[in-house]
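K.L.:
Kindly generate the complete structure, drawing on both the sequences and the hints.
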Amino acid sequence: MQQKAKIKSGKTQSRVSPKQKKDLSFPLEKENFVIISLGIVLIVVGYLLMAQNSVSGFVPTVISPILLFLGYCVVIPYGILKRPKTAIVTTDNAAVTTETSKVSAAATSNVKVG
Numbered sequence: 127m128q129q130k131a132k133i134k135s136g137k138t139q140s141r142v143s144p145k146q147k148k149d150l151s152f153p154l155e156k157e158n159f160v161i162i163s164l165g166i167v168l169i170v171v172g173y174l175l176m177a178q179n180s181v182s183g184f185v186p187t188v189i190s191p192i193l194l195f196l197g198y199c200v201v202i203p204y205g206i207l208k209r210p211k212t213a214i215v216t217t218d219n220a221a222v223t224t225e226t227s228k229v230s231a232a233a234t235s236n237v238k239v240g
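Residue numbers (our numbering): 127 to 240.
Hints were generated in silico from the structure; no laboratory data involved. Backbone N, C-alpha and C define an ideal beta-carbon position, used for all residues, glycine too. Be aware that one or more of the hints could be misleading.
[Claimed, not checked] Taking CB as the label site, the calculated pair distances span:
no.: 1; residue 1: Leu174; residue 2: Gln146; range: 48 to 58 Å
no.: 2; residue 1: Pro210; residue 2: Leu174; range: 48 to 58 Å
no.: 3; residue 1: Val188; residue 2: Phe152; range: 31 to 41 Å
no.: 4; residue 1: Glu155; residue 2: Gln178; range: 29 to 39 Å
P.N.:
See below:
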């Protein structure tokens, strides 16, 4: 019976306290959304040009696939993956803050030695 009590108490100690909250922020900013919307505009224009009735024309067979490729494979992924310049500075500060909090968490640990 005592072993079960020890196991249960060990589980309660390993839980994350409700005081520790993670900083959640949305990674995309206004500039990212502008780039993504530009990609969507390219895609719409590409489909509109492709909808012309001439099958052997230059615009529906050459220009519209190029616009669609640029929209789907270049502009929209760039808009999603682009990081703002201020995030680099914030990331460096966050790394320093995270390292500091790890040291202070280790100093105030609940682990009993000896």
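K.L.:
It remains to establish, for every hint, whether it holds in the given structure.
P.N.:
We went through each hint and held it up to the structure:
1. Leu174 with Gln146: 48 to 58 Å: holds, 52 Å
2. Pro210 with Leu174: 48 to 58 Å: violated, 32 Å
3. Val188 with Phe152: 31 to 41 Å: Because 39 Å falls inside the window, the suggested range holds.
4. Glu155 with Gln178: 29 to 39 Å: holds, 37 Å
The structure fails to meet hint 2 from the earlier list, while all remaining hints are met.
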